[in-house]
Amino acid sequence: DAKTTQPPSMDCAEGRAANLPCNHSTISGNEYVYWYRQIHSQGPQYIIHGLKNNETNEMASLIITEDRKSSTLILPHATLRDTAVYYCIVRGFIQGAQKLVFGQGTRLTINP
Amino acid sequence: ETGVTQTPRHLVMGMTNKKSLKCEQHLGHNAMYWYKQSAKKPLELMFVYNFKEQTENNSVPSRFSPECPNSSHLFLHLHTLQPEDSALYLCASSQDPAGLMNTEAFFGQGTRLTVV
Chain S
1 DAKTTQPPSM DCAEGRAANL PCNHSTISGN EYVYWYRQIH SQGPQYIIHG LKNNETNEMA
61 SLIITEDRKS STLILPHATL RDTAVYYCIV RGFIQGAQKL VFGQGTRLTI NP
Chain E
1 ETGVTQTPRH LVMGMTNKKS LKCEQHLGHN AMYWYKQSAK KPLELMFVYN FKEQTENNSV
61 PSRFSPECPN SSHLFLHLHT LQPEDSALYL CASSQDPAGL MNTEAFFGQG TRLTVV
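Residue numbers (the working numbering), protein chains in the order written: chain S, 1 to 112; chain E, 1 to 116.
If we strip away everything but chain E, and leave its shape as in the complex, we get (with noise of 0.2 Å):
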């Protein structure tokens, strides 16, 4: 238990569906990530939110909208998926590491994304 609670585990989606997936954690952190791990890939950066601010878009596609309505929260709204969007997407947040020593990232256990 790391502190971070992704929901659901596992969805299989068709693509013309629209689904959400939920991220949160209570650690106190202001930071947020989502991460797509793709099959025998590495783990690629999506979105950065920093107090609830967009930071980073890492050239994500539309069909992926993220959200994060607090710095406890974080959605991953997803719509029109491919086939080739099938994924363990990772949650992760971490602290403001200005004056700080030890900023570890802590990660959920993922959704495990089917697009069929």
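One chain only, chain S, in its complex shape (with noise of 0.2 Å):
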């Protein structure tokens, strides 16, 4: 499984873009780069996911480098309520079912 490295802490405004790196310099060609976030004590949510091309969504953006060992989470405009730990995974696989694994995340606190 490839491996990701986050920061273990960012602090960011609200109402300003909050910007979170990752590191996974191992991943391979066809593995795909998914985010989750975790709000304190509740069960991860899915963000957003991407294999090459840059993705957007409601809820963030996803910038993953060309040549795929970094990628950023960009929250556009941050509000209280996306102080969580976000978390940076690269997705693999075990007989079919899809295999993910959480390393330390991104506490992220956004500050009024």
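What the hints contain is simulated information worked out from the structure, not anything from laboratory work. All the pointers check out, no bait thrown in.
Below, simulated DSBU-like cross-link-like pairs (lysine-lysine); rule was C-alpha separation at most 30 Å, straight line:
1. E:K52 - E:K41
2. S:K52 - S:K69
3. E:K52 - E:K19
4. E:K22 - E:K52
5. E:K41 - E:K22
6. E:K40 - E:K22
7. E:K40 - S:K69
8. S:K3 - S:K69
9. S:K3 - S:K52
10. E:K40 - S:K3
11. E:K19 - E:K41
12. E:K52 - S:K3
13. E:K41 - S:K69
14. E:K41 - S:K3
15. E:K40 - E:K19
Each chain sits in its own coordinate frame; assemble them with the hints.
Spelled out as structure tokens, the structure:
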């Protein structure tokens, strides 16, 4: 399983863009990058995923470098409710089922 | 509401008790997962089931016994647990990714387990 590296914590002011980096230098060509977040004591919530191209949905944007060794999750206008632990995951497979191995993640704090 | 329901939400049990955690999904997913999250630690994948067959047992002690009677239900049977087993136990489900572009996993709210 490809390993990811994220900063343990980040702060961002409310209303500003939050940019969360992730390194995944051992990713292989057909592996997707997924982002989830976990708000305190709740189950993780899917945010976005990508393979090669940049992606955007109603929650966030995902920028993947051309060599695919790193990516950045962008929350364009952070709110206090975006305070959570954000996980960057390289999705693996185990006999047909996807395998999500979570690392330490980045604890993002949005400040008023 | 994610479509994955876990019961109970909270459980306190003694070290000699036997209890079971239940997870239910009606999303039509074929894969189900158990994760353990201890305090201030990342989620640890425990078991993976695909089409009711166990495909991963991540070196979990035998005092944790999973059961998957059908693709919609997943149980985690607990017996003779230790205090260090106290944690948040999370269930998730996902669809077989073969041929699909997006196979996000849906997580339940978890069962907060305390072993005394």
